[in-house]
Structures are given as C-alpha cells and as structure tokens.
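Chains as they are written, first to last, in the numbering used here: chain A, 56 to 391; chain B, 56 to 391; chain C, 56 to 391; chain D, 56 to 391.
Just so you know, the hints here were simulated from the structure itself, not pulled from any lab data.
Everything numeric in this text was worked out from a predicted model, so none of it was measured.
Be a bit skeptical, because a hint or two may be false.
Since the list gives no way to pick out one identical chain from another, each pair is judged satisfied if it fits inside one copy or across any two copies.
[Unchecked claim] The calculated DSSO-like cross-link candidates involving lysine-lysine, where the alpha carbons are at most 30 angstroms apart (straight line), are:
1. Lys314 <-> Lys121
2. Lys121 <-> Lys246
3. Lys202 <-> Lys246
4. Lys121 <-> Lys61
5. Lys246 <-> Lys314
4 protein chains.
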Amino acid sequence: MIVSLKADANPAEVLRALVSRGLWVTQVEKSASGEPRHYVIASYSAATSVEDLASIDGVSGVTTSKVEHPRVSAQGPTVDVSGVVVGGVKPAFMVGPCSVESEAHVREIAERIAPLGVAFLRGGAYKPRTSPYAFQGHGEPALGWLKRAAEATGMKVVTEALSEADVPAVAELADLVQIGSRNMQNYALLKAVGRSGRPVLLKRGMSATMDEWLHSGEYLLAGGARGVIFCERGIRSFDDATRNLLDLGAVALLAHVHKLPVIVDPSHGAGRRDLIVPLGRAALAAGAAGLMIETHADPPTALSDGPQAIPLAEITAVLRELRAAIPRPTSNGGAS
Amino acid sequence: MIVSLKADANPAEVLRALVSRGLWVTQVEKSASGEPRHYVIASYSAATSVEDLASIDGVSGVTTSKVEHPRVSAQGPTVDVSGVVVGGVKPAFMVGPCSVESEAHVREIAERIAPLGVAFLRGGAYKPRTSPYAFQGHGEPALGWLKRAAEATGMKVVTEALSEADVPAVAELADLVQIGSRNMQNYALLKAVGRSGRPVLLKRGMSATMDEWLHSGEYLLAGGARGVIFCERGIRSFDDATRNLLDLGAVALLAHVHKLPVIVDPSHGAGRRDLIVPLGRAALAAGAAGLMIETHADPPTALSDGPQAIPLAEITAVLRELRAAIPRPTSNGGAS
Amino acid sequence: MIVSLKADANPAEVLRALVSRGLWVTQVEKSASGEPRHYVIASYSAATSVEDLASIDGVSGVTTSKVEHPRVSAQGPTVDVSGVVVGGVKPAFMVGPCSVESEAHVREIAERIAPLGVAFLRGGAYKPRTSPYAFQGHGEPALGWLKRAAEATGMKVVTEALSEADVPAVAELADLVQIGSRNMQNYALLKAVGRSGRPVLLKRGMSATMDEWLHSGEYLLAGGARGVIFCERGIRSFDDATRNLLDLGAVALLAHVHKLPVIVDPSHGAGRRDLIVPLGRAALAAGAAGLMIETHADPPTALSDGPQAIPLAEITAVLRELRAAIPRPTSNGGAS
Amino acid sequence: MIVSLKADANPAEVLRALVSRGLWVTQVEKSASGEPRHYVIASYSAATSVEDLASIDGVSGVTTSKVEHPRVSAQGPTVDVSGVVVGGVKPAFMVGPCSVESEAHVREIAERIAPLGVAFLRGGAYKPRTSPYAFQGHGEPALGWLKRAAEATGMKVVTEALSEADVPAVAELADLVQIGSRNMQNYALLKAVGRSGRPVLLKRGMSATMDEWLHSGEYLLAGGARGVIFCERGIRSFDDATRNLLDLGAVALLAHVHKLPVIVDPSHGAGRRDLIVPLGRAALAAGAAGLMIETHADPPTALSDGPQAIPLAEITAVLRELRAAIPRPTSNGGAS
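Just chain A, with the same shape it has in the complex:
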C-alpha cells in the first residue's frame, strides 16, 4: 500500500496517524525530481480501510495492489457443509482414523465418537505417502465403508482426493473434500475438485505463504467449489523437536483479519499425542473454527501415523479436555 502526501503535508503528523492504526511504515525518500514524499506501508490490516487512510490530513492519495483472490475475500467466516455450519460459534470436530483400514474399524470409531458431538468423520481412502512402497490406502471400497459408518451415526464425511481421476467418486460420497498439503498447489486437482461443487477443506502446503494459500482457495472457488475451509497442519521448520511447526499466528490472521474459517490439525502439527490437547486448546483460543484429530482403536497396529493417533479408548477424555474452558487466571499476576 502506498500513501502519498500533499505538498504541504506535515510528514510527522501523517506518520503518527498511520502508526496509531497499528501499521508498520517504511518512509520513502524524496527523489531528485521534485515529487512529493511517499510512505510505503508494509503490513496489511483488514481493520484499516483505504477510505480511512485517505481521510488522514495531509494525505493526497492511497494506492493498493489489486486483491487477486476476490472470491475468497468475499466468502465470509462460515461454510455450510451439508447442513453443518463450520465457522460459527461452536467448534467443529473432525475425528477419525488416519487411514480407513476396514469397514469394522471405521464403524467402531464412528459409533464411539458420534455420541460425543463430533460432527465430521474423517478418514483416508487414498493416502499420499512419501514412499511408493508404503500403504497407499484401500481406495474406493474405503470410501463406501466411511460413508456407511457416517450415515449410520449421523455424521458428515471428510476425506481426501489425491488424483483428478478419483474426484468424481470422492465428491459423490464426501460432504467435505480434503486437499492434502502436498497437493495445495496441484492446480489440476484444485480445478477438478472445484468443478465438483463440493465444499473443500484446503490443507496448507509445507511451506506455503499465506498469499499462496489464499490463491489456492481462489482456484477452488473460481472452479465452482461451494466454500473453502482452510486447515493448518504444521509447516516445515529447521527443528525436528516436533514433527511439524504448527503456525497458530497464521490461524489468528485467517480468523481475525481475513475472517475466514480455519480448522487446525494438531495431530500432524506436533506428531505426538501428548501435545494434542494443549495445542488443540491453543488453536481454539487463537480463533480456529474446529479441530481435526486422528484416533485409532489400537494405534500400534495403525497402517500409518500410529504415534500421533489418540487411542479410541481415550478419545472421550481428550474431547472433554479440548472443550473444557481454560481456567481463568486470577487477578494478581504471578504473585504467589
């Protein structure tokens, strides 16, 4: 954003007015050619409108780059998924196994979690795996198992589409089609999923910027998707102390500045089940519209990602903790 000054403006006063709005300002110097001074504002803030800045005394004009994701900007904070509103006052929980391993297994999970108020049953029929020799998912049959388990228990289905060729089958059965991290910029897939008309859960790429993520959402909406829900699942970092680096600043930015619905996946974000509760609570506090959590009847035998799955026997307790209010600190600071 560029704020231009009138010839008789008091630059210090304009600077003051801009910083008072929480904007970081880079002052650009007067050139030899006698132009008026300019200020470049590096940080974007939805709370500040162009009209507001143009009204500052001494400002002659405000210019901005064209927003290139108009449909995403216009979407708003909620998405309706087969009658369930994501992004409203109640957090949406999306729970299930990493992979759909058998009809009995996904059914057992569904029956356990549905009574706990979990609205979405998640599970992978097609699994993106780093090695071509790792388990790739049970494919189309698993879609059927997932759908029947969800219908029998009154839940909605969220599952990933990996290949353009699978989109019709996935879109027919899924209430919410997931795009995985590795495919966030697989534009052919985004277009194919968009054409299906389904709402989409768009996971962030391993090193995607906010801008790239929003643009991928725009591909979906421009293609015909009925809504886009973003999903933060941890980005790549230099430290292997956790599996990924959960970026809750991005969640706060999406929720509070861009006013968009964002789900957080603390299972992948930390890669270890003992941090799912604190990070899940932190995500909700940061503004997440819900959580995606992996569970398994017997994690050690899981065909993928066992160490981060919550044992099914513990899922009731975990959901209870995630929903518990964070204790209100007393008013005397750290004084003992």
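Given the structure of chain A, go ahead and fit chains B, C and D onto it with the hints provided.
Here is chains B, C and D on its own, set in the frame of chain A:
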C-alpha cells in the same frame, strides 16, 4: 535412543509396544555380521523412561545419548523471582514499554498496570537495533527510572543486558535479567549474566533449535544463574504475513514435556497489536507460564516498535480479555 | 547407521577410525542393562561402505535403515534422452522461453540456440500459476509448436506435464517430461508420468528434503519411467534478497555422493538475469550435469517471468560465458 | 523503490522499460482520489540507477528508501589486510585448524600450507560451543602460538573474538578479526571490534537476511573497523542432508551486485570433507574472493569438528584441485 532386541524377540511385538507409547520408530535392519536387530527411536518423550522401555518383553537393552543440559533438566517448572513465582498456577504478566523513554513515561505506565495485577514491569534501557543509527536506548539512566517506577508500584523489574560491560549495572537493578534473541548464543554474555546470580529470562534465537535453547540455559545455570525462564517470541520464517512466526508447539513441548517455565511474547510474535489477544490466549492454553506485552502511552511516538504496542489506554481491556476464560464449546460439535 | 562394538573393543580407537572416514559420530551411552556400547553415525556417506565399517577392529556389527529408493540408487549418473546423454562429461543445456507464446516465437528461439550447441529446447505449454487468473499457457497447440521447432533444428523437447489428463499428449511429444516444483509430491501425476515410460526431469519441491526428492524419483522409476534427472531450482527461504535460494550443496550431494544427474535452473534460482552467469558457472563447478535457462526475444513482453529471462540477443554471449573455463587462480593466494 | 507516472504516461510502455532492465514489478492500482498510477519495484539491482529510471519516458519521479548502510555501500570490493588484498583477482585462502590445539600442531600446519600460497593462517583460540561442557579453546596462549606460527611462515592471522573482554588481545595479534555466526548481531562485540580499527571477517548469522548482514557490517565500519570482509558459511535449513545450507546466491549477490568482498567457508557449509572441493570451486565461480578451509594433522583426534577437516596430508592436493580451472565444456551440449 536405541532399543536392542534379544535374539529370540518378536520384532513386531516390540514395535507394537513402542508405538503404543507414542514413539516414532525407525526400524534398523539386520546386518551381514549376524547382529541382533535394533530399533532407533527418533522422537524424545519425557513420558517414557529408559527403565520402562527396558522392561518390554524381548528388549535386551536401551541406550541413549547423554543429556548435556543436566542443570536445566533438574531445574523444575517454577522459578522464584524476588518472591514472585513464575511457572505456578497463576500466569505472570510482564508489561511495559519497548524502550524506557523517560522517567515520567515509565512511571505513568507502572501506575496504570500495577493495579491490574501485573507482577513485572518490563522496559529496555539498552536496545539491540539492526541499524547502528537507530535509537539504542537511554542506557544506565533508564535503568534507574525503571527501578524507581517498579519500586513505587510494587512490581519487579525485567530488562535486557546487551553487553558484558553492562551486566553488573543491570543485575544490580533487575529482578530478572533478559537475554535477547540476538544474544541467545552470545556465550560470553551468558557467562557474565550467569555469574551475577540473578534469575534470567532467555529469549529464543531467531532460528534456534530446542536443543540449542536448552544448552544456552545450561550456560546460564552452569555459570551461577539462580533460575532460567524461557521466552518464545517468534522465529524466522519464509512468510512475511506476520513479523515473526510464533512457535507454540515449542511452548507446549517446554511446558508439558520438559516441565520448564516459558513466557510468550505475542507482541514480537505477531508484530501487530490486533493479534496480541488471540495469540496471548493461545499461548496460555498451550502451557505458557505468562505473557510479555508491550504498551506505550502513545504508540505513534514510540522510539521503537510502535505498531505492535498496545496503547496504554487499552491495556486494562486487553489484560481482561487475556485473563477471560475461553468460552466452553457446547457439546454438539459444529452442528447449527 | 548404527555401529555396535565388541565387549573388548577400545571405543576411542573405533571413534577415531570412524571420524577418519569423515563421519559425524554421536556416541550412545551404555545402558543399565549391560549391553555393549553403540555408536550412531548421523551422516550418510556413499564413500563409506557397510563392509568397510564392519572391518574396523572392535566393531561387532553395522546396521543401517533399508534404502527405500532402490531403483533411484541403482540408476547411475547418466540418463539417455532420445540419444542425448545427460550426466556425461559434456553439460546439457536446456534453453527456451518460460511459456511457449506462439509458434513464431519458439521457432525464432530454436533457430538461434540450436547452432550454439544447446541440446534441449524448453518451453511451457501448461503453466502452473499462483493465481487462477494469470496466464495458464496455450496448452496442446503449444506442444505442437514446440515439437516442430525442435525437430526443425535438431533439438530435443523438455516440457512440463501439469495434469494427469495431459500426460499422454505431453509424453507423446516430449523427449523429457518435466515435473514442476509444486507437483513434486503429486503422486497421482508421478504415477501417470511414470506409466508413460518417458525419462523425467524432476524439479525439487519448494521445501523438499533430499530424502523426499529421492523418494519422488522412486515413484517415477517404480511406475515405469526410463530414467530420472533431478533439477534444483531454488528452495524457499526466509530472505527475499533473491527470488529463491539455490541449494548447490544439494547439487554437490546428488552429483558426488549419490552419483545422480542433476540439472540446475539459475533463472528461477535467483530470479534475476544478472546472476544467471555466476550461478550457472557455480552450478557446473558443484557438479551439475547441465543448466536450464529461460530466454525470450523481448523479455518485457513475456507472458510470465520476464525479469529473469535472458534477452535472445544476449543468449550467445551468456552461453559463451557459461562455458568459459573459470580462470585459474595463481599460486600466491591473495597476495597482491 | 517507487516509480511514479506522469498523468499522460502510457503505463504499458513504462512497465516494458522497467522489465527490460530485469526488474520485477508490482503494479499498484489507481486510487479513488485521482492520484497518478504508481509502480512498486520489489527487487533491488545495483545495475539500475535512480537517474536511469527517472529518464524513462512517462516517469514523473523515482523514490527509494534511504540506504542505511552507507559506509558498507561505499567500501568497495577490496580490503587490505596487512598488505594482502582480499577481493582482488587472486582468491585468498584462509586455512588452518578449527581450534588451535598446541603450538606444535599449528606450527606444523603453517609450515605445510605457507609454501602452497595460502596467505592467511586461521585457527580458533576462543571457540563458541553449543554446550558449556565442550572444549572452549585454549584462549590467550593459543593466540600467541598462532601468531608465532604465522610470522615464522610469512602468513597473516585470522582468528575469532568471542568476548568484548578479549577484543584487545585478539586485535593486537590478529591481522583480521573474525566475528562468528552466533555473534553476527552481538552489537556490543561489533562495537568493541570496530573500535580496535582492525579489518574484520564477518560471518553470516544462521538465519540472517542480506539486509541484517549488511547492517552488521555497518556497525563495524561506523565503529572504526578498517574494512569488512563478509563470510558465508551456510545457513540453517529444514534438511539435515548437509550440516548447513551454503547460500551461493547470497555470495553472487554480494560480489556482483553489492561489489563487496566475500569469503566462503565450505567446511562448515557442507560439514563433510568430500564436498569441500566441489563447493569450494562453486564458490569461486559464484564470485567468492577466497575460501576458508579447516585442516588438521589427524582429524579423528581434533578437539572440534573433525569430520569436516581436510587431513593435512591431503591439503596440497585439495588446494591444487580448488585452483584448477573448471574444464571448459565442449560446444555440442550434452550430445554424446
């Protein structure tokens, strides 16, 4: 960590027992020389003891690297700072200006925040600035202004030491000596501050790993510091959508796995005041022992970091929001 | 890799023997259960065989993780692309426009570069663009323009496949099928391209590890690709001083340790044409098997990435500089 | 940089003129207030002057941010270190042990390398180590050993200052004072070293941006340093395939755009001796003014960083390879 198997062990059973403890396992193959199989466990978990793993049926031995930060590991979750316990049930708030700009300014802030239950008055007398031509802080006089304002209002002082030469002056007046991000691996400074005996607030370096951070804490304790409180303030990332990337996974790891006190600085973490409340609440939910927040009577005139400072007139409301319990989600998931 | 010691081994002697081979060693401590000591070797080195390490006095066994990309490991340093060997003593140059904009334009380029010894004509018919509203390439017609230009001038064609649906058309006309960075882990596309049987140029993902990159190559070879040539084009970094961060350490590792052919794309790596020559020369010095360079008859009018394209009028000079031997330093160091 | 347009300018023509100079352009839209259009140019290029851009037809003015490192910008490409010019046509080699372990050891190395045309003897008397319990260097005695070995063999001394307190002793004996990566933003140390007046070798911080690095150089020059030589030694990355990530794009940028002398340290950059030759040659090709290389009479017994040290017995061969011209590719591309 390496788990060795007995010659007659059932590897699948051992694998199962390890994953059931939430450990990620890399199986290492049998070599030509006829050795028993081994399992390498990549992830560290405080919840799993060597004794526990050694007791698994089929395991012949468990070997681990020597912990090289024994004093940090032994410290425990609380540090007493001049009678104020950091890391207990009540979050510690550390509030004040980025730079101590004048005696009147810091006194005005102190008088406003002390009644709000803020235990620590923060403020920079010595400021590390990227440019040698930027304001470098008022130095020793500012230490006195800070101390008198804190004493008059019953707060403790936390302020940064930048130079070995300044350590005696800082340590005499500060209750808690801060090491800034740029100096996290300035070992000469860590040794000098350690020798002062004061408890220390150790900010994480811009791209420090957890392991390096813990080792820097060890320098302080080995040197004589009475306690180390860690401070996450955002790390460097590839995305400039926020000023830094607040790593709340590291906070959860320190708090819940390493059982160490960690303060979070959402002012630097996001660099924009409109995200301080959601990220501050998220930090507390993740396990932070407290928050460090910048405030200023008139942010646009601040000598440093104005855009991220909370206007003093709003600090009461911000602290109230940070302390408010996060609303308890109702039990029917995202259903409308 | 784990090196186990005999009960009577001298650990210091074994350590010495390992470090003398250039290996970084983490010593793992003896456990309570009376096991022999172990050494974990973190760094991999192709120059060190398991047999060699097992022969060290005092070593009872050496165990390693199973290599999960056996086909990539077995491929070797050269790939034959329609009769042109990539990875031999002569660097392969792949030159052409970012997008194939018209038949006349690509033909003009081909006629200019073919006499310069450029073996491959590059050009995008399908373009992955961050925004859905940016130019997406001329598609199938552009494939024909590219092919005819290459055939008329005796060059081979390298062009990108973006969608599974386009693979048959691309594979029919391209001598070398390119997988772009955003699709490095688009496994459905990798499988489809593998099935075509063509050799593949696999660009590295924006934040792909060496291990992930090799595994994606394995997908291609397991699927049927006749060979994989890797392509480093810069990774994501925290600094925007250059468009991307060209990782020539990865190039040296692929070329000298893994013995695989790797092409470097300095146009994307730096994003500015004034660094293409120094970085192209550096890439060849690091072990690159060739270079991919963008050119355009009139960069300012290019439909994509103009600022990094070499003007066609300068391509002769640029190729001459890239091929010029780096001047031999004289022997008296920096003495003037 | 902001380029403003005249009211009657043809924006497409101006855009064309800017891109033809290799600049990436972000077009900023006209605002409601009737201001003329602007163009923001994101990339900096020394090859393009403000005057040149202002002369483009249709441009009414060009404004830029004030350069905040004027002394660094004014320094130029060479620094004289006790009579040895760094940055001239002949590469400067800085060779020696990681730590100065004994007078005999450093003397043996000096006698071996001096006849090979190595101008600088390097070696650490004070060592920054992640753990407080690791070997910290022999300190002041080691400075004397280093100095005598250099004087006896006609070399110059480069060694690191770690603490403000050690600066006088280091500056008295060193011809070139090194600032290590961990201290690149230790401003108290930069000021102290600057005051000594010595030329300085400034290693880049683990995640320092180009801008921060240049500003740290400005601290040195503003403080009184006689010259600053930059040193790239690898930055932090997400991949542990190499110890650090050597950023030769930054080297090319410093050498060819900023016209500053930069030394490359491939020993730390890769962390493995088998990549030192290819990366050292690549560094020279990218524009490095010289190389810093670690050697040791017996690497397995080195007190620090043995695996990356070149055995002294091989240093003659390594230097010969580093100086050898890179073979000139023949003109028929990759054709076999």
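**Message:** Please list, smallest to largest, the hint numbers that this structure does not respect.
**Reply:** As far as the earlier hints go, not one is violated by this structure.
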